[in-house]
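**Q** Now for the letters of each chain:
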Amino acid sequence: MGEKWIEIIDYGILYREIDLVTFDVPLLFVCLDKKKCRKLVLCIDEEQGEYIIANVNAKLLLNLLKNEKTMEQVFRDSDEGTMLYVYYDFECSVFRLKSIPVDEVSANMLPDSGIFFELNNRKISEYIDVLENESRIEIVRMIQI
Amino acid sequence: MNKDYYLRFPSVLRNALKEGKVGFPKDLETEYGSEEVYRGVKYTENKKKITQEDFKSQMEKGLPGFSETDIKSYSCSCFRDLEELHMAVHFPKKGRAVAKGIMRSEHGPRVREKGTTHIHWYLYDEIDPSDEFEVIEVWEKNGSK
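Taken in sequence, the protein lines are chains A and B.
With my numbering, the residue at position 97 of the first sequence is 97, and numbering never jumps.
With my numbering, the residue at position 60 of the second sequence is 60, and numbering never jumps.
With the rest of the complex left out, here is chain A:
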């Protein structure tokens, strides 16, 4: 499942699956919840503990990693039409969240528009293989049903 990342009040624990982009701290990464559903996480401000989280499936992540959709588009195309704005409540020392409809998420909370992921290394390639395998298994399962 990976290392525990954070516990969010009224939401649950998220576990880190892979860091995609790190600067001095991880800025873009993928997490799993307890049901192993994937979340794409973007750090807005690490000092304030602010993040945007989008539900993503393997197909959408492949769109991101294979430069078929821009980073912003992947967030906006996330499942359920909403994103989670997660913030740290310093008074109570807990993470809280607000659900925001995708069309209300401002551009300055997302990657710049028109920019593709474009990063490629062996770690990313291996993760793409994992996602493609999962997608193939899911297709076979759907056919069998």
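No false leads were slipped in.
Stretches of chain A that chain B covers, calculated by requiring three or more beta carbons in the stretch to come under 8 Å of a beta carbon on chain B:
no.: 1; stretch: 1-14
no.: 2; stretch: 18-29
no.: 3; stretch: 37-46
no.: 4; stretch: 112-123
Label pairs and their calculated CB-CB ranges:
no.: 5; chain 1: B; residue 1: Asp-4; chain 2: A; residue 2: Glu-47; range: 33 to 41 Å
no.: 6; chain 1: B; residue 1: Thr-69; chain 2: A; residue 2: Tyr-11; range: 14 to 22 Å
no.: 7; chain 1: B; residue 1: Glu-36; chain 2: A; residue 2: Arg-122; range: 16 to 24 Å
no.: 8; chain 1: A; residue 1: Ala-107; chain 2: B; residue 2: Glu-83; range: 21 to 29 Å
no.: 9; chain 1: B; residue 1: Gly-33; chain 2: A; residue 2: Leu-97; range: 43 to 51 Å
no.: 10; chain 1: A; residue 1: Cys-92; chain 2: B; residue 2: Glu-83; range: 32 to 40 Å
no.: 11; chain 1: B; residue 1: Ser-105; chain 2: A; residue 2: Glu-3; range: 21 to 29 Å
Below, simulated DSSO-like cross-link-like pairs (lysine-lysine); rule was C-alpha separation at most 27 Å, straight line:
no.: 12; chain 1: B; residue 1: Lys-21; chain 2: A; residue 2: Lys-4
no.: 13; chain 1: B; residue 1: Lys-94; chain 2: A; residue 2: Lys-69
no.: 14; chain 1: B; residue 1: Lys-48; chain 2: B; residue 2: Lys-100
no.: 15; chain 1: B; residue 1: Lys-48; chain 2: B; residue 2: Lys-93
no.: 16; chain 1: A; residue 1: Lys-36; chain 2: A; residue 2: Lys-4
no.: 17; chain 1: B; residue 1: Lys-61; chain 2: A; residue 2: Lys-98
These are computed hints drawn from the structure, not numbers from a lab.
Backbone N, C-alpha and C define an ideal beta-carbon position, used for all residues, glycine too.
Using the hints provided, position chain B relative to the given structure of chain A.
**A** Relative to the frame of chain A, chain B by itself:
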């Protein structure tokens, strides 16, 4: 690993090692000479000079959202090339710059991440490598270099 070795690290890592919250991975390198690396640093109107603070780990800075049981939370992230750092220019938080400098084993051991150019550097206590780093790229408010 000799427990006396733990005494060489900043208290937050030293205590986590002593209490068994974290351990160094087997691929920790303690002797590696020196290598040119890049490090993402904070760069704003009020903070243009590289300081020791720029090399502190997430745990030393006390940032919310970083696991005390993940050894990577105690490292200073550096890179052997600029590709991953360049992605950050397109993310929401601005006020960042890239610094180039020398990573030396006498300043602390390191772990090279497999499949990427990311290096986790575990600086010894009181080490300040800031004199050996210089800002080479500054990004403007709109993200342009």
